[in-house]
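S.K.: What follows is each chain in one-letter form.
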Amino acid sequence: MSDTIISVEGLGKRYALNHKNGDGERYTTLRDVIARRVSAPVRWLHARRGAPNATLVNGSSIPALHSITRNSRSQEDFWALRDVSFEIKQGDAVGIIGRNGAGKSTLLKILSRITEPTKGRIRIRGRVASLLEVGTGFHPELTGRENIFLNGSILGMSRTEIKKKFDEIVAFAETEKFLDTPVKRYSSGMYVRLAFAVAAHLEPEILIVDEVLAVGDAAFQKKCLGKLQDVAAKEARTVLFVSHNLDSILRLCDRVLWLDAGSLRAIGRPAGIVQAYNQQWSNDSRVILLSERQRPNWVRQKAIVEEVSCLAEEGTGWSYPFGSPLEFACTLLVRSRISTLLMAYAVFTPSGFEIASTRAPCEFPAPYFEPGRYKVRVSIPYLRLAPGNYSLNLGVVSELGHEDFVTEVAVFEVPPNERSADHFADTIRAACIPEVRFTVEQLEETISVLPEGVK
Amino acid sequence: MQELVIEPGRTEKNYWGDLWRYRELFYILAWRDISVRYKQTAIGVAWAVLRPFLAMLVFTVVFGRIAKMPSNGIPYPILVFAAMLPWQFFANSLAEASQSLVLNSNLISKVYFPRLIVPAGAVITSLVDFLISAALLVLLMVWFQFMPDWRVLTLPVFTLLAFLAALGPGLLLTALTVKFRDFRYVVPFIVQFGLFISPVGFSSDVIPDQWRLVYSLNPIVGVIDGFRWAICRGAAGIYVPGFALSMTTITLFLVLGIWYFRKTEKSFADVI
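Keeping their order, the protein sequence lines are chains L and Z. Heads up: the first sequence begins at 1 in this note's numbering, then just goes up one per residue. Heads up: the second sequence begins at 1 in this note's numbering, then just goes up one per residue.
So here's chain L without its partners, still in its complex pose:
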């Protein structure tokens, strides 16, 4: 008998995107169903004429530039996972990395049986406990003690098991004093500590952990990582662990699984894969060709961005020293006469949070953009990003509609320097560190420390 504990063959998961509702509401109403049935023949005619009316965001859940039209009712298939196969051995600590929308969470959801795959087959030997969210099922009205039991049973522990570990859990969470207080009065830090403490004491053969360590303070994060390490190493359990924090992946995992746009890109030793993944994040070349990139099918492509190049003054590659303006140039290919062109950009953190985006008209002296090539200089002078890695999306809009949309055009780095140190940028958690002036003027020469009337 082999010691393979999880084997996945040809796994695929398809979601039908319902564009009418755009983001958010995925459930339907009867009215919609009836309306769709009635309007089906009409839409079929539309489809035959090739009306571009879908709003799929490039096959991923990366937030789009805000301006996507939401007028269509079409449904579109979207494969969150495509033909993924791998095997995991008992006792492995496996890290799963990939960009946002690469299918990491979907994979975890299928493995933990929350949702069903569309294709493929998985064999799992052993009890699975999954921790996709901290404090699932916590009820704000219940006390800490009650929530430990509630959360424990939700995660699959038996009552006797919880009782046995109760003291350990409480000690780990450091919330002894507040055990009989409703958790709605907890601070968010206490809440997270309690929630993680319950999960950390699960004893399944396979533990699945989504990015739950992103919450809580640094000291507690460290403690949680230590606990996970113990679980994997000492107790020979299998841990599957999703994180954007590559350091913790390197520290914790024996193997790394890299997902990219729903497919398995690589699996193997952490060092090699993390390095390859990192390299993808840093572009050596200052000029990036975009003409071959995948575009969503709702863009008209009458004006597209062919290439972008970094205009940073110092450094090599896409690197903007802290405090310097974010400047780059785009080569625009215009295929038919256009009178108005707007460009939009959006900047994301590696975890997919959109920090900044603007849409503005391109300044151009002539009344029309005749077919041809144009160079657009983009300058964002005042966005002072904290040191770190960022990615860039670009979009082009004309008076006729969306012309181009490219996600992750480039990944750039903001390296720390003396100026960032001056601003304590390395200790600030914010993504933007705007310039600030604290101007002081003296009001009085002497002040009385005691309030009036007191001698």
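Honestly, the hints are just simulated from the structure, not real lab data. A few of these clues could be false.
With a straight-line cut-off of 27 Å between C-alpha atoms, the simulated BS3-like cross-links for lysine-lysine are [what the hints assert, rightly or not]:
#1 Z:K39 - L:K177
#2 L:K164 - L:K227
#3 L:K177 - L:K227
#4 L:K119 - Z:K263
#5 L:K164 - L:K177
#6 L:K223 - L:K89
#7 L:K223 - L:K163
#8 L:K222 - L:K184
#9 L:K89 - L:K234
#10 L:K119 - Z:K266
#11 L:K184 - Z:K266
#12 L:K164 - L:K184
#13 L:K177 - L:K223
#14 L:K375 - L:K302
#15 L:K222 - L:K163
#16 L:K163 - Z:K266
#17 L:K119 - Z:K179
#18 L:K184 - L:K223
Once you have looked at the hints, place chain Z on chain L.
M.R.: Just chain Z, lined up with the frame of chain L:
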């Protein structure tokens, strides 16, 4: 070591076994709903007593005093309350169950467990209200010095019947509500309407004989008749063909409810 295979469209062989393994979650969810229900209310559990009591008063006045419906010598409040008990249970279960999955959507999208636990737990929660109301019935009997006979011992059987009668439509409505939120408006309507077409305020003896069989298509009619028969010393009898018909509808709903729930269960996390 057990091996688990996950494949599209595969109905798990150990589903019912899983349901048994997760029984503790079932208790604890029911316990959570009960202990949370009356938090931050001024009179708390008294609501569970007050609601059926007031409804009983209204029905006694309207049907007993004003319409002068026959009661076969049974005190009218007891006649009404014997029916109010299963009816309230049925109505509450339906309302609670149909909302249960939507209210627990965070659980559905983050953890695996047999989804049947959630609506079934909601029905159990209503059972607690039912027991509190039953205590009120005992008080009423003492007040009217009404002594039930041996038939009252059959009450647990009819309670089980009421549970099954609520579970079938409950599961169906739960699964439908996940996909079509319209059903949250349908359920209060069913409950309101059902109160008047079910023999709660009056004995089903008043239904003309030629209509009685049709009337019994309503599954709750059989349950209510059974409760009356057990509590009121058989004075309000069971109409056997009608009772059999009610049983059939209950079974049909139960089978349909479980079938539809199991069929749609796997996509709950994707649509909720």
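S.K.: Hint by hint, say whether it matches the structure.
M.R.: Structure-based check of each hint:
For a cut-off of 27 Å, the pair hint linking K39 (chain Z) to K177 (chain L) stands: about 22 Å separates their Cα positions. With a C-alpha separation of about 18 Å, the suggested pairing of K164 (chain L) with K227 (chain L) holds against the 27 Å cut-off. A threshold of 27 Å between alpha carbons decides the hint, and for K177 (chain L) with K227 (chain L) the separation of about 23 Å falls inside it, so the pair holds. The straight-line distance between the Cα atoms of K119 (chain L) and K263 (chain Z) is roughly 18 Å, inside the 27 Å bound, and the hint therefore holds.
A hinted pair counts as satisfied when its Cα atoms are at most 27 Å apart, and K164 (chain L) with K177 (chain L) qualifies at roughly 20 Å. Under the criterion of a C-alpha separation no larger than 27 Å, the hint pairing K223 (chain L) with K89 (chain L) is consistent with the structure, at around 26 Å. Taking the CA atoms of K223 (chain L) and K163 (chain L), the gap is near 23 Å; set against the 27 Å cutoff, the hint holds. Taking the CA atoms of K222 (chain L) and K184 (chain L), the gap is about 25 Å. The hint holds against a cut of 27 Å.
Under the criterion of a C-alpha separation no larger than 27 Å, the hint pairing K89 (chain L) with K234 (chain L) is consistent with the structure, at around 16 Å. Distance hint between K119 (chain L) and K266 (chain Z) is fulfilled; the C-alpha atoms sit about 14 Å from each other, no more than 27 Å. At roughly 32 Å between alpha-carbon atoms, K184 (chain L) and K266 (chain Z) are farther apart than 27 Å, so this suggested pair is violated. For the proposed pair K164 (chain L) and K184 (chain L), the alpha carbon gap of about 26 Å is at most 27 Å, so the pair holds.
In summary, the hint linking K177 (chain L) to K223 (chain L) is supported, as the alpha carbons are separated by about 20 Å, within the 27 Å threshold. Taken as a hint, the K375 (chain L) and K302 (chain L) pair is honoured in the structure, with Cα atoms around 16 Å apart against an allowance of 27 Å. Proposed proximity of K222 (chain L) and K163 (chain L) is supported: the alpha carbons are some 26 Å apart, at most 27 Å. Restraint check for K163 (chain L) and K266 (chain Z): not satisfied, since their Cα atoms lie roughly 32 Å apart, outside the 27 Å limit.
For a cut-off of 27 Å, the pair hint linking K119 (chain L) to K179 (chain Z) stands: about 23 Å separates their Cα positions. Restraint check for K184 (chain L) and K223 (chain L): the C-alpha separation of about 24 Å stays at or below 27 Å, so the hint holds.
Violated hints for the displayed structure, listed by number in ascending order: 11, 16.
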